[in-house]
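Following the hints, position chain B against chain A.
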Amino acid sequence: MDDTRDFGTPKKDTLKQVTLTIDGQKVTVAEGTSVMRAAAEFGSSIPKLCATDSLEPFGSCRLCLVEIQGKRGYPASCTTPVEEGMVVSTQTPKLADIRKGVMELYISDHPLDCLTCATNGDCELQDMAGAVGLREVRYGYEGSNHLKAEKDESNPYFTFDPSKCIVCSRCVRACEETQGTFALTIDSRGFDSKVSAGNKSFFDSECVSCGACVQACPTATLMEKSVIKSGVPEKSITTTCGYCGVGCSFNAEMKGEELVRMTPNKNGGANHGHSCVKGRFAWGYATHKDRITTPMIRKSIHDPWEEVTWDEAINHAAREITRIQNKYGKESVGAINSSRCTNEETYLVQKLVRACFGNNNIDTCARVCHSPTGYGLKQTLGESAGTQNFDSVMKSDVIMVIGANPTDGHPVFASRMKRRLRQGAKLIVVDPREIDLVNKSPHIKADYHLKLKPGTNVAIINAIAHVIVTEGLVDEKFVNERCEIDSFKKWADFVSLEKNSPEALQFETGVPAETVRQAALLFAKENNGSIYYGLGVTEHSQGSTMVMGIANLAMATANIGREGVGVSPLRGQNNVQGSCDMGSFPHEFPGYRHVSDNETRKMLEESWGVQLQSEPGLRIPNMLDSAIDGSFKAVYCQGEDIAQSDPNTQHVTHALESMECVIVQDLFLNETAMYAHVFLPGSSFLEKSGTFTNAERRISPVRRVMTPKNGYEDWEVTQMLSNALGYPMNYKHASEILDEIAKLTPTFKNVSFKKLDELGSIQWPCNDEHPDGTPTMHIGEFVRGKGKFFVTEYIPTTEKVNKRFPLILTTGRILSQYNVGAQTRRTENSQWHSEDLIEIHPHDAEERGINNGDWAGITSRAGETVLRCQITERVQPGVVYTTFHHPFSGANVITTDNSDWATNCPEFKVTAVQLTKVNQVSSWQDKYRSFSEQQISFVGTKKEKV
Amino acid sequence: MEHQQLIKMANQIAGFFEAYPDKKEAIDGVANHIQKFWAPKMRNLLKEIIKEDKIADINPLVIDASKLF
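In the order they appear, the protein sequences are chains A and B.
The letter at position 921 of the first sequence is residue 921 when you use the numbering used here, and the numbering goes up by one with no holes.
The letter at position 13 of the second sequence is residue 959 when you use the numbering used here, and the numbering goes up by one with no holes.
These are computed hints drawn from the structure, not numbers from a lab.
For lysine-lysine, the following DSBU-like pairs were computed, each having C-alpha atoms within a straight-line distance of at most 35 Å:
no.: 1; chain 1: A; residue 1: K490; chain 2: B; residue 2: K1013
no.: 2; chain 1: B; residue 1: K993; chain 2: A; residue 2: K490
no.: 3; chain 1: A; residue 1: K445; chain 2: A; residue 2: K525
no.: 4; chain 1: A; residue 1: K489; chain 2: A; residue 2: K451
no.: 5; chain 1: A; residue 1: K743; chain 2: B; residue 2: K987
no.: 6; chain 1: A; residue 1: K743; chain 2: A; residue 2: K330
no.: 7; chain 1: A; residue 1: K426; chain 2: A; residue 2: K451
no.: 8; chain 1: A; residue 1: K927; chain 2: B; residue 2: K954
no.: 9; chain 1: B; residue 1: K987; chain 2: A; residue 2: K378
no.: 10; chain 1: A; residue 1: K451; chain 2: B; residue 2: K954
no.: 11; chain 1: A; residue 1: K327; chain 2: A; residue 2: K927
None of these values were measured; they are calculated from a predicted model.
Isolated chain A, as found in the complex:
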């Protein structure tokens, strides 16, 4: 069956089959299937306009009428389910007559500008006119019509042209069913019916620009501006989004080498045809004028850049690394790779470090986000990865969201979660802030919002566990069969202590004991309980403890090892899971095998032809500290921007300034590149082949759709550097790197480009035992054998409020911007979020004489910055909140060096600060502005080259 076709109505997953006759042919389909879909599955296309298989049938267009023996009239095939023995005719003279009459009415109020219309050749209305054989329209334009209805062009990415609207409601239903935002409605009745974004322009409305309405529109009413500008694409290549950890599959629709639009792939395992504003529309950065495409070198960061050839740049970098290692020792250099790069690229960078640099000084940006996930889940369950696929949420009865804001950070998954919540699943939100899921998403309200004080996660998880254990709600059968009993007993004894009761901890957490008790009972008593969490869990001094606390809870309630349950970290960037899988941590080889594991090391040594170190290398913060103490002198930084994303900016930049050679490989002159001596231009996700692995462990293909603007895919640059350093690498294509990964990593054993092309995507482990991958982990047995409980003592952070710093700053992100903003700031997404704001509660604002929109100086123990204030009750008194998408904001100037005890993941979520009303930017911002302007001026004329 061609899954790219539109079958008109959604597939039914029931096992019971029904046999009927359609146009004389016997067909057998799943019970509940519509007549329209049954016909489509067997190759017969019934004309339709209001139906599409991503939406429930609506039955409004009257084009899909059929005749059914024994039934009166002409039922709509989209809303009529099949019945055993039913006899259906889809093409009769009478039906043809009715359909032609319906189309005639539609066309009589539609502009006849097909030849100049942006969707000419890609329009369902046009197709249907042809399908029903419409040859004339008897009604003229003299009467009332909508042809002069005003266009809404307010959205930067698409237009709304009501003159072309047939009021089929597909857009309205897509906004409701697919996205769950309910921003659109049909206003008025009869002839006056019109699609409305709540009587506002699209830009000013609740619309989140996910593109679901544009995707669903069968005419040119909702249309991508890029298609209006460039015309209908001529080819399509399936690839994977380069933004968040959902890993949506997209069709890159091209005209030659020009990307015209990205449309979500309905067969995408992670997104099932849905998208968000970033993946769908915010890809313009790839061809932005700020791209640097020529390699550059310089002696000092105070010198202008010199543009050089690739050979010169690579040889210069290699000479510097060699010089530094000769002078300061083998351990004086290292590398940082990025979750924005492919598996193949991150694998190659870690191989370069281990095999060529001869040390284990490799780290990745997961250090500052989900390293506690890797540690905590490995310890408890045996594998450093989430346990479920995204579809699993549709079988959850109660969903606990901890320290995550899915509607902003993981919007496509959030849409699915919201769908399940609208179906009746219960919701517990554990977050210091009122995220949209609490009470701002239509038809969704959290059953419990545990609005805790930042930094008290572990106290809350212990209090929940206390209730479950002391109320006798532990699933003892599961624990006895599946877990280490000794570890369970220690944990159960510990959480049962009075000090861990909700009552004892309520002052510390700020959450009333009764609320915690009710939430705990709800979670334990529902059949399927799932936990989704984000950086609000990991970016704490007890991040790893909290991850283990979550795993403890899931095991104690038997919520592991089947669909609808599990522990699911929502990964921030597109390839956080993958970069960790690829051995990007200094203590682990690919596949999470410790560097001291002799068997693995021997196997890699044989394959790579060199001796490898058996001791862990330096983590990013260790590298920075060592740079300042003078023992770490050079870093190769691929696709990561530590000068903006890592905590305590001044410490980071001091460390970078202390090094003798900083090599940055990136699309843009990012913040770190301003401290670099070698700049190697990077390639965007559109310009390379490889794979990304999302938060579900889903390995998805990334396919090159255009020639790299810089001339090389990123892995080729790493290979050139390695060759220049004397360690030969001779891969001819990224697929060969994946083949090597599969050969050396048991969980990737059966993964290849060919298999990915066959299956679309694969969730690891993919090996002989699981040849097509593993959607749900730990079925029957944990990866480590028996699940292990850990005692999770709550230890308050040392980052405490006092008179000087009385507020707690916590950080997060917003829908339209992504991470450090290097990509999204270079798109129209900045129209929604042009600067980072600091949210402050009205009481705290009033105390300080701060009004909405005022500038506030934010001072912490680490530094000071200035941001504009937004007064809101979303944050609780005593807590302020900001995002970190703009470098000038200096959000990380104020975050501290505090970090997770196990992994050194920074404590981004808790910084004691004071806010005061000010009239000017901070001294750091002043210095930053002049420094960055100087650095940009050092690049010279590069901006003209793209």
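Same frame as chain A, now just chain B:
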């Protein structure tokens, strides 16, 4: 690498394992963690600090564990 930073990190590790009532299990936990995740340079520096008896701020579990890594 600053001594205070190193001591702080070691004490944080000890803080986690301190919750285990069996002291040997706690000491092993600290030692294993530092052995598995710290670069030799950091481990050696910590041992040096302990050897030089600059231990006023160091959790006793760390001192006991340092004999095992």
